[in-house]
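The listed protein sequences correspond, in order, to chains A and B.
Take 0 as the starting number for the first sequence in numbering that gives the first Met the number 0 and just add one per residue.
Take 0 as the starting number for the second sequence in numbering that gives the first Met the number 0 and just add one per residue.
What the hints contain is simulated information worked out from the structure, not anything from laboratory work.
Treat the numbers as computed from the prediction; the structure is a model and nothing was measured.
Every residue, glycine too, gets a C-beta built ideally from N, C-alpha and C.
Among these hints, one or two may not hold up.
Said to hold, decoys possible - Derived pair list, reagent style DSS-like, types lysine-lysine, alpha-carbon separation capped at 27 Å:
#, chain 1, residue 1, chain 2, residue 2
1, B, 244, A, 299
2, A, 299, B, 239
3, A, 244, B, 299
4, A, 299, A, 253
5, B, 299, A, 293
Said to hold, decoys possible - Derived coverage of chain B by chain A (criterion: at least 3 residues anywhere in the stretch with Cβ under 8 Å from a Cβ of chain A; other residues may be distant):
#, stretch
6, 24-34
7, 389-399
Number of protein chains: 2
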Amino acid sequence: MNDLNTLRSYGSVGNGVVRTAFSDIDMKSRHWLLDQLTTTGLKASIDGVGNVIGKAQDCSRSLLIGSHSDTQPTGGWLDGALGVIYGLEIARTYQETGRLANVGIDVASWMDEEGTYFSSLGSRSFCGEFTDAELLDSRSIQGGRMGDLLRQAGLDDTPRAILDPERYLGYLEAHIEQGPFLEQTGYKIGVVTSIVGVRDFVIHFHGCQNHAGTTPMDLRQDAGMAAIHAAYGLDRMLSKSAREKTVWTIGDIKFHPGAASIVPGGARISFQVRDADEGFLDFVTQEVRVYIEKLDASSKVTLELELLDDSVHAVEMNQRMQDYCARAAERLAPGEWMNMQSGAAHDAQVLAPNIASGMIFVPSIGGISHDFNEDTAEEDIILGCQVMAAAVEAILQDEG
Amino acid sequence: MNDLNTLRSYGSVGNGVVRTAFSDIDMKSRHWLLDQLTTTGLKASIDGVGNVIGKAQDCSRSLLIGSHSDTQPTGGWLDGALGVIYGLEIARTYQETGRLANVGIDVASWMDEEGTYFSSLGSRSFCGEFTDAELLDSRSIQGGRMGDLLRQAGLDDTPRAILDPERYLGYLEAHIEQGPFLEQTGYKIGVVTSIVGVRDFVIHFHGCQNHAGTTPMDLRQDAGMAAIHAAYGLDRMLSKSAREKTVWTIGDIKFHPGAASIVPGGARISFQVRDADEGFLDFVTQEVRVYIEKLDASSKVTLELELLDDSVHAVEMNQRMQDYCARAAERLAPGEWMNMQSGAAHDAQVLAPNIASGMIFVPSIGGISHDFNEDTAEEDIILGCQVMAAAVEAILQDEG
């Protein structure tokens, strides 16, 4: 709890935290974490994208524990930080209480899971999803060149840490649930079975800007009204085709120029669908494509569908890792845990195809996240750490 | 044409003009106009809200001609400027060619017709719609106090010009059509019969911001989706109840916080209806009110309807003024003019309840306005001025 509160102090604002990736306060907090990991006896460093990685010494195999310590622009104090500090706490306890000879615990805080500049940059870098040249030349979400961002952060001469699959017994990540299920059911621990995939679309509407008083309805090419009709239609379409746990969101809509007395000449919609089944997501993508093409053909406004290429794929958590987490939960919180899917993306989603990965969730009060008011009861935070420690202990003993 | 081009040079950007009310360039252009009116022999001044008014001397009665010389943020070169320069040209010709003894021509350029700070400020001030105290303490559209704005413009010690109804034979305003009718029908002059009324609504939606991945559909209080459904419903409602020339527009929509992965916690819509019949506008206002109350009662999101109090009322143009304009048009453009309603608001709308008012329109190329690309053929600009001059001549001879 002390370490969690110290990390919270980096960027603390009211009950929340503002510690977006690559900000000064984020970089400072990463140096603090580096010191803690070093003190714990790990060989720690900050890599070329800002990942903090502490590696156990004198062992050829290790279990990796981590999450991210960057936050949303107006973020909560536990989102990401919880899993990083669990890693620090469990590694420290393991070092202090006498570790097994051949197997260690590594700890990671990944960079920019929240996608301020590059979604899940740290874990994707670690998993080798791009070359140095591809990374440096890519454009960030904010519009600049990633190479410039890394130079400004003083990381341009630092090598990137890349996954050695031979080393790792597995990857464990703890996280707040960010949803209401655990609280509403009264369970204390969620053992994650899968992480949903995401399809992010942007739909552009090109019409003709005109005067809202003098342009008769039948002569309008109203991009705004076309966007409203399309948004309404997409919602109805998903209402029909959705599976039980599918979620879909129109998170943003913008009109240009966006004034009361002007018929909008342009508009755009952000549309997102999440589901644990990649096949279903592919089906929906096709359904959206056909719908937008149909609207484009039948309307005086031109529509353009963009499928963002950072779409996240649905993954299953490793069954053995799920079993270790479930047994630990049943031992420490008998009858008070549940299997669940994750509706949010996590670094574990990136790591899962490369390392046997598992996740546990602790309850979020009111299901609130990505908000200053995000919180978890202290007893739930502590129980979560004990469950993860128990799972780690079993994994190291069985597989070490 | 020279004067029109000189006025255009104040704030010229590409083919368009940026000369928003109270900007430095707007104030400079008003001083230029003041000089022109003074040279013409009128007693000209800039009043306490920035109106430029040139008054004929040595006469107890006068015909007022004017429009506005402020522009939209990205405006056209003729919107407003055309009618002001017609006034200057006709007054000058009248002074130079020997005027009637007892009757003169006054010229006005009203301030902020476009509503950068206060819609139709100049003509509303002239018509005595508010006291000094009410004006100074009112909030501008940009958020500041009007008193502060006027002080910054150096107008705080200048009296406001107030209409003397005994003086005026009538008010004439020429304007570009800002719509496609004249061009599409091939007519050169529109004689305005009425100006539509406007009802401006803002609808606010208050929901609960949440994570777009972890919040199941049935637990959402999605302000954005509620706004889309309401916008769609309003469009369908108006499609059914609209009269032949009713227009309705959703000119803007905003989600808060407006990110792909966040269920919007708030949203707002700008909704506008225009029609020439006040009774119909009152009916629609009631229809909108009932619809929003019904949605509010049946939805998990809270809706709030705001009817903006600067709503513009529909007015008829004075029949005698219409007749003078029609006769002048038939003389100079036989068979090439039409009666039409104005879908856009104009200063004449404010003046019409106080002075016998008339308006003529000249064609807008492509119907484009409130845009840098707004334009009118030079021969149409000149014909419009000749028609207005002929109408003025007849009014002065008959009524002077």
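Checklist entry - Under a C-beta cut-off of less than 8 Å, do 3 or more residues of the stretch 24-34 of chain B approach chain A closely enough to confirm the stated coverage? => result Violated - the stretch 24-34 of chain B has 0 residues with a Cβ nearer than 8 Å to chain A, which falls short of three.
Checklist entry - Taking only the CA atoms, is the gap from residue 299(A) to residue 239(B) under or equal to 27 Å? => result Judged against 27 Å, a Cα distance of about 21 Å means the pair holds.
Checklist entry - Is residue 244(B) within 27 Å of residue 299(A), Cα to Cα? => result With a Cα-Cα distance of about 20 Å, the restraint between residue 244(B) and residue 299(A) holds, given a limit of 27 Å.
Checklist entry - If you look at each residue in the stretch 389-399 of chain B, do at least three have a Cβ nearer than 8 Å to any Cβ of chain A? => result violated (count 0)
Checklist entry - Given the hinted pair residue 299(B) and residue 293(A), is their alpha-carbon gap at most 27 Å? => result Violated - the C-alpha atoms of residue 293(A) and residue 299(B) are around 32 Å apart, more than 27 Å.
Checklist entry - Is the straight-line distance between the alpha-carbon of residue 299(A) and that of residue 253(A) 27 Å or less? => result With Cα atoms ~19 Å apart, residue 299(A) and residue 253(A) stay inside 27 Å; holds.
Checklist entry - Taking 27 Å as the top limit, are the C-alpha atoms of residue 244(A) and residue 299(B) close enough? => result 20 Å, holds
The structure is inconsistent with the numbered hints 5, 6 and 7, although it conforms to all the rest.
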